[in-house]
Amino acid sequence: MPNEQMQELREARTIERINLQLRVQHFALMVSVTLLILTGLALLYRDSAFGRLLIALEGGFEARGTIHRVAAGLLMATVFYHLLYILFSREGHEEFMQMLLTVQDFKDYGAALLYGLGVRAEEPQLDRYSYREKFQYWAFALFVVIMIVSGFILWFHNWFFGLLPKWAFDVALAVHSGTGTLILLVLTLWHFYLVHLSPGRFPIDWSFWNGKISEKRLQEEHPLEYQRLKEKGLL
Amino acid sequence: MRGIIALWVMVGGLVLSSWPGYSQRDPNARCLLECHANPELKREIAPGQFKSLYVDYEQFKGSVHRDKLCVDCHTDVTAIPHQRRPEQIHCLQCHYQGNVVGAPVSERPEKYKESAHGKASKRGDPNAPDCKNCHTVHTVRAHTDPISPVYRANIPKTCGSCHIEIYTEYVESVHGQALRNNILESAVCSDCHREHDLFPPDDPRSSLHPQNVANTCARCHTDVKIMERRGVPVKQVEAFKRSFHGIAIEFGILRSANCISCHDYHNILSSRDPRSPIYPLNLATTCGQCHPNAGQNVARGRFHIIPSDPDAGIVFWVYEFYRWLTMVMTAGFIFYIVLDLYGRWRHARRGAHG
Chain H
1 MPNEQMQELR EARTIERINL QLRVQHFALM VSVTLLILTG LALLYRDSAF GRLLIALEGG
61 FEARGTIHRV AAGLLMATVF YHLLYILFSR EGHEEFMQML LTVQDFKDYG AALLYGLGVR
121 AEEPQLDRYS YREKFQYWAF ALFVVIMIVS GFILWFHNWF FGLLPKWAFD VALAVHSGTG
181 TLILLVLTLW HFYLVHLSPG RFPIDWSFWN GKISEKRLQE EHPLEYQRLK EKGLL
Chain P
1 MRGIIALWVM VGGLVLSSWP GYSQRDPNAR CLLECHANPE LKREIAPGQF KSLYVDYEQF
61 KGSVHRDKLC VDCHTDVTAI PHQRRPEQIH CLQCHYQGNV VGAPVSERPE KYKESAHGKA
121 SKRGDPNAPD CKNCHTVHTV RAHTDPISPV YRANIPKTCG SCHIEIYTEY VESVHGQALR
181 NNILESAVCS DCHREHDLFP PDDPRSSLHP QNVANTCARC HTDVKIMERR GVPVKQVEAF
241 KRSFHGIAIE FGILRSANCI SCHDYHNILS SRDPRSPIYP LNLATTCGQC HPNAGQNVAR
301 GRFHIIPSDP DAGIVFWVYE FYRWLTMVMT AGFIFYIVLD LYGRWRHARR GAHG
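Residue numbers (the numbering used here), protein chains in the order written: chain H, 1 to 235; chain P, 1 to 354.
What the hints contain is simulated information worked out from the structure, not anything from laboratory work. Any given hint could turn out to be false.
Computed list of chain H residues with no C-beta within reach of chain P, every gap over 12 Å [stated by the list, open to error]:
hint : residue
1    : 8
2    : 12
3    : 23
4    : 26
5    : 34
6    : 55
7    : 138
8    : 148
9    : 157
10   : 163
11   : 186
12   : 200
13   : 232
14   : 235
Examples of chain H residues toward chain P, derived with CB under 10 Å [to be verified]:
hint : residue
15   : 112
16   : 158
17   : 166
18   : 177
19   : 181
20   : 204
21   : 206
Pair ranges (Cβ atoms, derived) [what the hints assert, rightly or not]:
hint : chain 1 : residue 1 : chain 2 : residue 2 : range
22   : P       : 337       : H       : 63        : 14 to 22 Å
23   : P       : 325       : H       : 121       : 30 to 38 Å
24   : H       : 117       : P       : 290       : 53 to 61 Å
Glycine is no exception: its CB is placed at the ideal position from the N, C-alpha and C atoms.
Kindly generate the complete structure, drawing on both the sequences and the hints.
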């Protein structure tokens, strides 16, 4: 086969890289976090026209709070399901083990930076989950834990009044809004850039919906995974 | 005979002219001479119940109406002595828009009509005050006159003449104590309740409607000069507005706490006073009004904090940490994106060449 035809074929041939389980979990996460951010921003920017518009769209001040708590419930359910998935399903457990941070990830990250700067000629060879995916996963895991703990204190303050000093509620509030802002930042500047906005993916990468990636891109972005799949004869 | 009468008139004239307060030449002298200068003059309004008809003319001459004639207001008195009881007079006889006697006009009487007192008066409540209950009848003085009942220092007593229990609470409060120490910038009844436009707290127009309480307190408590003179912190109202309670109130959740929910109102006391609801040991009870689980824990921490203010303690440091982290991460992400695009661009160029 001529090289060009081969290239086209490899662009058209896709494989399901992300299974349905993970796609559903990601979707629930996406919906709940989007709602949480929109209702949270409404409160944070209540004094601006933007905040008032959000509050109006969310059906008023008290409805805003209700949506925030319902979305929090969805997020916590998703987290709980994800924990069950990685603990008790073989498939989930295997995915999770690949997600663990290793020294190689930090080396890859350094190499990627050096490659960007032009110091290194070669791009690092990345696996199924590279420093990009892992850093995002663990950053979000940490954020979600912080948000759930601080959010719980604020939500059930009447119960926690018997347990925590007054300053703990003030700290919980500062942490909740501070981390919320960070999450928005990480999502827009990092996650969105990496998955949707960067060249070759813009304007949207549908893999979050169908889990598919072209063979060409798999080889470019996850060469080690590509090689492993090829060796197993799965391509 | 005529000589005797003339003598009597002369003697009477001499005696009267030496009476304090008015001279015979005073156009009001006849009213006084005939009857109303007599402290004993009274009328039986019910069996055994008397109303004094005495007019303290010296006081009248100190009032804002000192140049008026009795008959300027008592217009139905056309002959002296009058045959019939004069009708009750009303301030609005003169104080109306377009009056020709030069009586000052303001919107206050109109506001009064809408007020709690005005409404009660309209309903026929015999205890409802109108103008004269605060401004008096014959001795109306400007609010700047220290012996006027509407002078700042005298307002609590004036209101207290009806609201006796509230008055006794007020005089014990920080505001009442300060006023007793001649600190005239301390809050008196009308500073919070207003005077002519005084509404019950459930009326949205009221200065003490839950959504307006913070702004009412703010009229003094955000005034840096007054608060510095009195050694009272000035950021409390702003901090409240940024707090859970303040935000909830702003968006119409009226059950949320406002200033008076914790500080009380007529008997506001310093947090150092063990009788105060905000005395640290009393906070559990105070917060407990709404938060049943509140214990001594609620006293452990600072109140009325603004996160960006170093006075907020640990909250300030958490806030600063997040502020810096957010800035550093923003810079980091932008750096990463630029680097990534630059890398791709170089790669593409080299690919095209190679």
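Tested hints:
no. : hint                      : in the structure
1   : 8                         : holds (18 Å)
2   : 12                        : holds (21 Å)
3   : 23                        : holds (26 Å)
4   : 26                        : holds (21 Å)
5   : 34                        : holds (19 Å)
6   : 55                        : violated (8 Å)
7   : 138                       : holds (15 Å)
8   : 148                       : holds (17 Å)
9   : 157                       : violated (7 Å)
10  : 163                       : violated (7 Å)
11  : 186                       : violated (7 Å)
12  : 200                       : violated (8 Å)
13  : 232                       : holds (29 Å)
14  : 235                       : holds (24 Å)
15  : 112                       : holds (8 Å)
16  : 158                       : holds (5 Å)
17  : 166                       : holds (3 Å)
18  : 177                       : holds (8 Å)
19  : 181                       : holds (6 Å)
20  : 204                       : violated (18 Å)
21  : 206                       : violated (21 Å)
22  : P:337 x H:63: 14 to 22 Å  : violated (36 Å)
23  : P:325 x H:121: 30 to 38 Å : holds (34 Å)
24  : H:117 x P:290: 53 to 61 Å : holds (58 Å)
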